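Student: In case you want the letters, here they are:
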Amino acid sequence: MNGYLKLAVKNLLRHRIRSSLTMLGIAASVGVLFSVLSFNSGFNKGLAAELERTGLHFMVVPSGCAHEVAALVLHGAVIPKFLDTGVMGHLQETSGIAMATPILVAQQPNPEKERIDLIYGVDMEVLSAIKPSWEIEGKIPTQDNEILLGHEVAKHEGLKPGDVFTETADGTSLVIAGIVGLTGSQDDAFVYLPIQTAQRILERPGAATAIGVKVTDPERMSEITDELTSAVPGIQIVTMGEVMNSISNLAASARALSLAIVLIAVLISAVGVMNSILMSVFERSQEIGMMRAVGASRRDVFRIILEETTILSLTGGVFGIAMATLGSKLIEAFVRSVMPFVPTGSLISFDPFLALGSMLFIMVIGLFAGFYPACKASKINPVEAIKG
Amino acid sequence: MIELKGIEKHYRRGAEDVRALRGVDLSVDKKELLAITGPSGAGKTTLLHILGCLDQPTHGEVIIDGVDASRMPEAEVVKLRRDKIGFVFQQFYLIPGLSVYDNIALPLLFSKKPATPEKITHLAQMVGLEHRLDHVPSQLSGGEMQRTAIARGLVNEPEILLADEPTGNLDSENSEKIFGILRSLRNNGLTIIMITHNPELAARADRTVHIKDGLVHKEE
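Line by line, the protein sequences give chains V and B.
The first sequence: position 386 = 386 (the working numbering), numbered continuously.
The second sequence: position 200 = 200 (the working numbering), numbered continuously.
Please keep in mind that the hints were generated in silico from the structure rather than gathered at the bench.
Fair warning: this is a prediction, and the values are worked out from it, not measured in the lab.
Check each hint, because a few of them may be wrong.
Claimed, not checked - Here are some chain B residues pointing at chain V (derived, C-beta under 7 Å):
id	residue
1	78
2	80
3	81
4	87
5	90
6	101
7	110
As the list claims (entries may be wrong) - Covered stretches of chain B (in silico footprint by chain V; criterion: 3 or more residues with CB under 8 Å from a CB of chain V, positions within the stretch not fixed):
id	segment
8	18-32
9	47-58
Where is the CB? At the ideal position from N, CA and C, for every residue including glycine.
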């Protein structure tokens, strides 16, 4: 270890609690900064992966808000609009469409049980493609009268696979084939059932809230969507790219706010560093006077103090990033509980470039914070200091 | 070796105009052990700081080896202090977190000279601290701390050692040890200027200069 560094480390160790607290302040702000930046990158990656997994190229929905569609695709938000039954026919007649799968999401009052069921009707094979991360107790429904229950619904009603969920108006018993493990999202509140069953229960044969479409040749997608929009009135076509943009834009607002808060936290920790180092400079002014007497130049003193802030920033940065990486699951759980439209999968993963960027940022902030105390120390008059 | 000509030092303390030195003329020879005595507030420490180029006189010249240090730019003064002058203080001013070894080696960090174990050990032996090199200041007695400070003052191999009441915080036994070390350093060719309130030690110096009211009152 070089002499200046050793001296700086020893100086910091003299006030272990003060140095640790200052370092923790930096660690907390760097940790949050790193998490927010990682979340930004993880969110977009997760979202892209989630949309990719659906295997769909675009959604046909009633004219309205694209955000609602995004909500529907990923988390089953309820849209009080339905597509005309003829839309499906048009899609089947349109060339270049490999698959069209209707999704029906609606609220269904259940007077017998005094509750409102949230129905999510979809082709069960498509569902397993959309939600690959689900842990299902039991199995995916294979029969028309089988359903899959969201975790909260099952827990609230005390139901398990094999139980009858409810009886429909036409006397069919809906049997629980499986229960979805806790996701911490809106998914926990839904009842998933085959699309035809959902249409029958809701008495809307052929109806859909949206239709997911897969084309045979993605390069022809804009041609197909143009053709559909002009041929079928009252529909809107939202590509998966647009869905991603919509969700990303929503998330971006939240991110901008959190980033602003993080930057304020970083500034506060920088002031903490400045305060801590300044206090230590004042306390050590006699020592600094002695160092000047035994040959230290102003520059030497400046360097020692600046190295102290660098060490604090560096250790705080490393500690903060390590804590953020280790605690990423907790942060993810928190984010999922407060943010809508969070994709499944890992949102925060260790990205060396982001870690390096966060470190560099905090180092620069640390150097700024250390600059004033270092200047102050280097200007200490040795005669005055030694006199005390 | 050192010559002070008409040194005056004025400064303000609140509303008061203080004239700490009022025209001091003094010359110190090579290999001389000079004691500076005088009552508190007489200007002894101010004089020592000016001799050590830590402070600049308001008027007068500080000639060290034929060069007027009072007019030098700061960078040259720093170099002069590093190369030619060692300091020892009454309060020792050792760095608490550093071992005796590192405290002794500290000035080498600033003079960019290598801190070889042989050199540090030799200095520690010279002041009788070779068995304490790994200890930190809090584990040392007052006498040991002052001996560490003397070794630190010598590490850059200065020609002049300035000591501000080096025995002021020590008992008579330790004072005697410290004076013995200074005496032997002087015998080995070092110029030593020491402020002391101890008349017995002052009497054993080569020469004593008594300062009173900012002037050389008497030389013995």
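Student: Take the hints in turn and mark each one as holding or not.
Tutor: Hints, one by one, checked against the model:
A cut of 7 Å between beta carbons decides the hint on residue 78(B): the least distance to chain V is about 5 Å, and the hint holds. Residue-level restraint check for residue 80(B) is violated (minimum Cβ-Cβ distance to chain V is 10 Å; threshold 7 Å). Hint on residue 81(B) holds. Least Cβ distance to chain V is approximately 6 Å, under the 7 Å limit. Given the 7 Å rule on beta carbons, the hint for residue 87(B) holds: about 4 Å separates it from the nearest Cβ of chain V.
Interface restraint check for residue 90(B): the shortest CB-CB distance to chain V comes to about 10 Å, outside 7 Å, so the restraint is violated. For the restraint placing residue 101(B) at the interface with chain V, the shortest Cβ-Cβ distance is roughly 12 Å, beyond the 7 Å limit, so the hint is violated. A hinted interface residue such as residue 110(B) counts as satisfied when its beta carbon comes closer than 7 Å to some beta carbon of chain V; here the least separation is about 4 Å, so the hint holds. Counting residues of the segment 18-32 of chain B whose beta-carbon sits less than 8 Å from any beta-carbon of chain V gives 0, not enough to reach three: the coverage restraint is violated.
Residues of the segment 47-58 of chain B lying with their CB closer than 8 Å to a CB of chain V number 4, which satisfies the three-residue condition for coverage.
In this structure, the earlier hints numbered 2, 5, 6 and 8 are contradicted, and the remaining ones agree with it.
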